[in-house]
Amino acid sequence: MKSSAHRLTRPLTNPIKNKLNEFFARRSPRKDAVSLGLRNVYIFFSRQGLLFALLLIATFVTGVNYGNNLVLGLCFYLFGIWLVTVFYTFVQVASIDVRFVESSLSEAGSIGYVTLELSTRSGKASRQIEAVFDDKHEIVQKMLKGQAREDFMNAHTIITPTLGKSVLVRLPVYTPTRGVMTLPRLVISSRYPLGVMRAWAYVYLASPMFVYPKPAPFDWQNDKRAVASESDERSAISVAGQSDFEMLDEYQEGESLARVSWSHVARGAGMLTKHFGDSLGREWCLHYDDMPSGVHETRLSELTHAVQAIASQGAPFMLVFPSGAGQIGVGDEFVRQCLLRLAKEP
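Residue numbers for the sequence shown follow the numbering used here, so the first one is 6 and each next one is one higher.
The set of hints was computed from the structure by calculation and includes no laboratory data.
All values derive from a computational prediction rather than experimental measurement.
Each hint should be verified, as a subset may be incorrect.
[What the hints assert, rightly or not] With a straight-line cut-off of 27 Å between C-alpha atoms, the simulated DSSO-like cross-links for lysine-lysine are: (1) K36 / K170; (2) K36 / K349; (3) K170 / K219; (4) K349 / K219; (5) K129 / K219; (6) K36 / K22.
[Claimed, not checked] Cβ pair distances, simulated, as ranges: (7) G42 / V300: 45 to 55 Å; (8) Q342 / T120: 17 to 27 Å; (9) L173 / P351: 31 to 41 Å; (10) V66 / F29: 51 to 61 Å; (11) K22 / K170: 35 to 45 Å; (12) E302 / Q342: 55 to 65 Å; (13) N23 / Q332: 29 to 39 Å; (14) R32 / Y71: 41 to 51 Å; (15) K24 / Q313: 22 to 32 Å.
Here a beta-carbon is modelled for each residue, glycine too, at the ideal position from N, C-alpha and C.
Using the sequences provided together with the hints, build the complete structure.
Structural data, given as C-alpha cells:
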C-alpha cells in the first residue's frame, strides 16, 4: 500500500514542484554576481518551527475554549517572539552578496569544487549562513534515496557561523558526466536565531564547470593503435647541452677548438666540430582515431588515461582530435589545457 500511495502522489507533486522551480528561476536569472533582497529571499517555518506553530495554535484554542487569560497571555507572548524571529531570520539572508570566483576542472563521476565570495551589505554580521548546491541530478537521485540523500546534502553544506564583510567558501558539487556542466542552483539559507523559521534564497550561477572524462586504462605504450606508425611517434627532442653526442658540422670561425674532431682532421676529412645535446625525452602524438575503442566517449576516456600516464613521465606530447590538432607541450599547465580540451570536445 505504501508503494502504491507513493505512485499516486508522485504525479501530483511533480507538476507543483516544476511550477515552483520555474517560478524561482524566473525571479533569479543566471548571474555570477547576485545581491539578495526582498525579491529573491523567501521565509517559512523550519521543521522544528512547525512544532512551534502547532504550539501557538494549541495555546490559542485552549485559551479561547476555557476562557483562560493566562494561557492566552502565553500564546500572545509566543506570537510576539515569533514575529521578532521572522524579522531577524529574514535580514540574515537579505543583505548578502554572492559572487562566483572560480570552479575546478574535475573528473567525471567525482566531486568538483566551486569557490564563491559571500559578503554582507549590512553593517552587522550575518549569522549561521548555510550554503549548498541543490544537486537534484538524476544520477544522484538514483544513487541516494531518502535519508541517504539528506545526509549527502548535509555533508556537503558549508556553514558560516559569522559572515562579516567578506569570506571565501569552497563548495563541493557532484560532476556526473563529461562536458560543459551547468551548475546546480545554489541555496543560501539561515535559521538564526531560534531555528523556528528558515529564510533562504536560490542563486543560479551563469559560469559553467568543465568536467573531463574518467580515465579508461589501456596499454597505451604497447598498443600499436595508440601510435599508429613511426611517423606518428616523433623523434627525440633535445636542446643544446653537454650530455649526448648529436651531430658533426663544419667548423665555424670562432668555435672552440676543444669541440673539433681531430680524428677526422687526421684522416683528411677537414675540420668538423662535435655538437652535443641534452635529451628531453620522446614526443608522443595521441590521436583520437588511434584509440582502441570505437565509442566516442570511451575514446575520450582512453585519451585521458594516456595524457595522465605520459604527463607522469614528464614526456612532451600533443593531442589530435577530429576537430584539429593541438600544440606540443609538457608540464602541469599544458596537461590542464589538454584535459580542458577533452572536457569541451563535442
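Cross-check of the supplied hints:
Note on K36 and K170: the hinted pairing holds, with a Cα-Cα distance of about 21 Å set against a maximum of 27 Å. At roughly 22 Å between alpha-carbon atoms, K36 and K349 fall within 27 Å of each other, so this suggested pair holds. The straight-line distance between the Cα atoms of K170 and K219 is roughly 39 Å, outside the 27 Å bound, and the hint therefore fails. Distance check on the hinted pair: K349 and K219 sit about 14 Å apart at the alpha-carbon level, within 27 Å; holds.
At most 27 Å may separate the alpha-carbon atoms for a hinted pair to count; K129 and K219 exceed this at roughly 45 Å. Taking the CA atoms of K36 and K22, the gap is about 23 Å. The hint holds against a cut of 27 Å. Range check, G42 to V300: Cβ separation about 49 Å, and the 45 to 55 Å hint holds. A hinted range of 17 to 27 Å holds for the C-beta pair Q342 and T120, which are about 20 Å apart.
Between L173 and P351 the beta carbon distance is about 34 Å. The supplied range of 31 to 41 Å therefore holds. A C-beta distance of roughly 35 Å is found between V66 and F29, which places it outside the suggested range of 51 to 61 Å. Under the hint 35 to 45 Å, the C-beta atoms of K22 and K170, about 36 Å apart, fit the expected range. Taking the beta carbon of each, E302 and Q342 are about 20 Å apart, not inside 55 to 65 Å as hinted.
A beta carbon spacing of about 46 Å between N23 and Q332 contradicts the range 29 to 39 Å that was offered as a hint. For R32 paired with Y71, a C-beta distance near 45 Å keeps the hint of 41 to 51 Å intact. For K24 paired with Q313, a C-beta distance near 45 Å fails the hint of 22 to 32 Å.
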